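Participant: What follows is each chain in one-letter form.
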Amino acid sequence: MLHLLKYRFLQTLRNYSMMFWALVFPIILGTFFYFSFGTSGAEGWGETEWESVKTAVIEEDSASENAQIFLEFLNRLDGDILDLKRVSSESEALKALTNEKVRGIFYVKETPSLTVAENGIPESILTSLLDNYNQNTAMFREIAETHPEKLKEASSALENYRTLLREESLGGNSLDPNVQYFFALIAYACLSGAFLGVHSSFDSQANLSSLGARRSITPTHKLKLVLVDMTVLVTIHFINILILNLYITQALGISLGSDISSLLLVDFMGSTIGIAIGLALGCISKFSLGTKLNATVAITLVPGFLAGLMFGNMKNIIELHCPIINRINPAAVLSDAFYCMSIYNDMERFVRCIIILAAMSILLVFLAFLGIRRDCYDSI
Amino acid sequence: MIHIENLVKRYGNLTALDHLNLDIQKGEVFGLLGPNGSGKTTAINCLLALLKYEKGTITIFGKPMRPDSYDIKRDIGVVMQNVAVFDQMSVYENIDYFCGLYVKNKAERRALVEDAIIFSGLEDFRKMRPKKLSGGLLRRLNIACGIVHKPKLIILDEPTVAVDPQSRNRILEGILELNRQGSTIIYTSHYMEEVEQICSRIAIIDHGHVLATGTTEELKKMIKTGETITIEAIALDEGALKDILALPHVFDINYEEQVLKIRLNGARHNLVRILNYLQEHDISFGRVFSELPTLNDVFLEITGKELRD
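Residue numbers (my numbering), protein chains in the order written: chain A, 500 to 879; chain B, 3 to 311.
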């Protein structure tokens, strides 16, 4: 096993063109970002003055008990995290949203909802507030049903939430929007590991390369070959991402937050999912390398687009209309993990993101193995 | 050792293998001879379970061959038609890597790699990358990677394509040496001279089925041609051609661009009889030579076309 790992490392590291795209290109892109967006993120976190998020509130069903609780929840945040503007009609609220006078609209009703027009940190905070409120509401209902005597304690906890949110989201953290471009860059770099995976799978399939044929007729188990490739590529790609992180933080002076262990974990899971996507894409289908590489471009760009890495509001639009996509889109999950880590400090959601990425990686590697396990081709 | 029965492989409407039957015995150097596109490589790929086939059975070492027949694969070495090595690794590293796919023990592997390097004459190139090697050396590296684990069965698919004569001879000698060391060899080629030189038994294949199988001598005995006489720079009219065709033992003549080729069956004094006729009729001619039948003649007589058509 070590023998195979050693040579796969050597072979991958000496593939200079592949390493350029995996390592050097994101660094060049980061440099362009740095010069394009200025150096506003360079001074570190906590420098930007916080402004309350201007939000419209429409009371659609004030009679409902849940709506009352939600309204109370919003009122507690008014003037601090939120700057609430009560409106009587939806059209007025939408007009304010279109004119960017507010960043979102909260609908106060039995099941509260939110509409945002763009993708940005204020919008993410609004989404996070609603998510957390919904989670707490469910908790209240459960407590009321099972332990009504504890309801008062739970209410106190909700009150503390405001302080918690303010401290965790803002305490020591800048919300400089430029930093999000660097997170997007890291997410893109992670997903571009798919190219390494596809190239590697090229060497495993007899219908694509002579090397694939030669490796297919050896007694080494296919799963072992896939796992060796996966181990080597994830390690190399993870190191590439770490170098990119170091370059962004040390050379460009952009702070990516103080939670290094979480950052490393997201980097690692990002590298893993990127490689796993490439391996699965390379091993499952029987198309030519060119077709697979084109598909990889699509696989890295489309999820990135859907996650809002290119068009700001897309992730929220997806969240509103088809949230399941945001749960399974690796770019969206990665982006969410970065936000959870640096902005929301929402550990539960962060862990959920990491678990989703890990589960998808395992599933994709398994699919890759299935793809070549007993492969016998129609033509070579 | 290998049994292929009624193997049928189709690519769409094209039948690449048409009820192919082969039996290869232990210790043989078995040649698969046929023109390009005759189905040799397809047969090898089916044999190695790389290609799906519509019909037929394949057994190696008495066991059915499947994609996950790892126990069978352990004892097979394959040298592909296309060079299959990693450009990013040196000669030594490539051989060592492929050996590692078969042999786990480090000391054993080291000895095998050294043997393969010496066997293929790559001692002076062990640190070089494949891109720096000549075509012949690259082919030798390709062979070294395929045989480094000393397999019981070695399959070589056109290993001498685009190789200089010196390297070609070295490769052919090497194959015979491997056979002497106990390996059974399957050798595919469209170079009849090579097949004739090293193979103990040959199957002639065309359009995906075996036309004839046997030793070189057995194959030659299957055909009418015992001798081919070629006369250059000769001017003949229709009457003379008819007379020559009527001579004893002559069964076919071909006259093109003042070159006359006469095919005769295996009788003695054929050349004397032809020369006597030319003298008697005062026909002048240039160079004359006589050839015993080749595998090309066998192929020509069986299929009506040359091996290299």
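No lab work stands behind these hints: they were computed from the structure. One thing to keep in mind: the hints can contain errors.
[Said to hold, decoys possible] For each label pair, taking beta carbons as the anchor points, the in silico distance ranges come out as:
no. : chain 1 : residue 1 : chain 2 : residue 2 : range
1   : B       : 137       : A       : 789       : 23 to 33 Å
2   : A       : 508       : B       : 195       : 12 to 22 Å
3   : B       : 154       : A       : 804       : 30 to 40 Å
4   : B       : 7         : A       : 794       : 33 to 43 Å
5   : B       : 298       : A       : 523       : 47 to 57 Å
[To be verified] Using 30 Å as the maximum straight-line C-alpha spacing, the simulated DSSO-like pairs for lysine-lysine come out as follows:
no. : chain 1 : residue 1 : chain 2 : residue 2
6   : A       : 723       : B       : 223
7   : A       : 723       : B       : 307
8   : A       : 723       : B       : 133
On a predicted model such as this, the values are computed, not experimentally measured, just so you know. Where a beta carbon is used, it is the ideal one built from N, C-alpha and C, also for glycine.
Participant: None of the hints should be skipped; say for each whether it holds.
Facilitator: Structure-based check of each hint:
1. B:137 <-> A:789: 23 to 33 Å: holds (27 Å)
2. A:508 <-> B:195: 12 to 22 Å: Violated, at about 44 Å.
3. B:154 <-> A:804: 30 to 40 Å: violated (55 Å)
4. B:7 <-> A:794: 33 to 43 Å: holds (40 Å)
5. B:298 <-> A:523: 47 to 57 Å: 56 Å Cβ-Cβ, so the 47 to 57 Å window holds.
6. A:723 <-> B:223: violated (52 Å)
7. A:723 <-> B:307: violated (48 Å)
8. A:723 <-> B:133: OK: residue 723 of chain A and residue 133 of chain B at ~29 Å, within 30 Å.
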